[in-house]
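For what it's worth, this note's numbering labels the leading residue of the sequence shown as 4, then goes sequentially.
If you're looking for bench data, these hints aren't it; they were derived computationally from the structure.
Since the structure is predicted, the reported quantities are computational estimates derived from the model, not experimental observations.
Taking lysine to any residue pairs in the SDA-like style, the calculated list, with each CA pair at most 25 Å apart, reads:
no., residue 1, residue 2
1, Lys176, Asn114
2, Lys452, Gly229
3, Lys452, Ala424
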Amino acid sequence: MKKNVLALSITAALVGFAGGAQATAGAASDLALSPGGVGHMLLVPYYSAQGGNVSMIDITNTDTANGKAVKVRFRGASNSDDVFDFQVFLSPGDVWTASVSQGADGRAQLNTSDNSCTKPNKATLNATPFVTGRLDSTLSVTALANQTREGYIEIFNMADIPSAATGLFTAIKHVSSVAPCAGTAWSALDADSVASLIPGDLTNPTTGLMANWIILNSTDAGAWSGQATAVYAYSTLGVPSTGNLVYWPQTGTSVGAAASSWTADPLLSRNTITAAYYDLPDMSTPYVSSAITPSQQAAKLSASIATANVINEYLTVTSFGASTDWTLSMPTRRYAVALTYGATAAAVYNSDNASFFAPTNTTVIARQICVPSLSYSIWDQEENVLNQSNGVVVSPSSPIPGVPFCGEAGVMSVNSSAAAASGTLKATVARSELSPVITNAIYTQGWIKILTPGATNAGMPVLGAAFLKASSANGRYGVTWDHRNTRYAPQ
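Take the sequences, apply the hints, and build the full model.
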């Protein structure tokens, strides 16, 4: 088997030449959260096709000089299993759009009418339901379909496509609003090597990506929206720089025993699941520094988004028809711990990436990886507070148990009781419940602070928002508030 593009790029970085590829090690040395929402990597903390929900995403290339080869991966809410992944090729200034809804067979289904290039092409994407092959095979067909309908999305720039690279750039550049998606260089992307690519068609990835998401529910008259969390790669000078070229073909060729060189995923790196080219790159594939390991890359990414606590509001006043769901997404936990399926589900840990998630702060409950007990305090609007602790508290209050949190993109409902689906987002896959009561009165509005302790440091990489729904005589309304925090873990 010929070396793939990534192997060649790393070899080129070390020896300066390989099979026509140019040296492709980037200048970036670390990762950081982008306060402006533009970066090399993007994370959409939650998507849903539950209960009539339709999730819409758009990805924009704000770079007006270079095209971008972008990986998009949907991961399931339970244990971060890959349920759908593909590539999008954005020309300078281009926008790609799509929606995800429940298909006829119950599985999530992508739909796009966009004229940007993709691999596979949009006809194939539109005809292919989300895939259940990596999910828990002990589940029924109906339950497997349900597992595809919630999760989160990874988006990242694998490589730039400069305008000087006439072959591939011409293939992705729109002509009369339609990209050709054809030609020798376009076809060469599917090969195991870069021998047939014109040198320079793929260059080191720069920043410039942004994305937005919307969840709509016309039946329930709900609408929630937000922007993707952006992470950028920066140099020793502290400015956005170039990452390593990490393009892999979108094919099913086996990576083989070398998978551990390119991913920190405990199942792929140990060949518990045989990694294919389409599994790479993932967000642990070495992106900064030519000497970094996948586990170090994953730790840097986790540190860039880690927080010691999550703070937000809630509203569940019945006279307003109000409900509140919080999404708590842990999009880098897969690179520290994964779950094997079968008669007995077991957690498999990556001991080289144990700063944030390890056996000391995770467990398996009902075949999902869980943080067994998150400490929290909940306030109403008049200073009353309940604390999950035995320490000094504001009166009146009483100690209450910590809330277990399961899943990779979980939904915590406030005061939804024992309903099968959460009140706002209709979540069922990875759901927890917080129903605070004091002196027989339910806390119906206020704010909550949840502590998120890592395994060996001050925080966990947690993203998400509060999703509110309310109604009045004039109609129904949806509100989205991004989570806040009081400090990030040391980076």
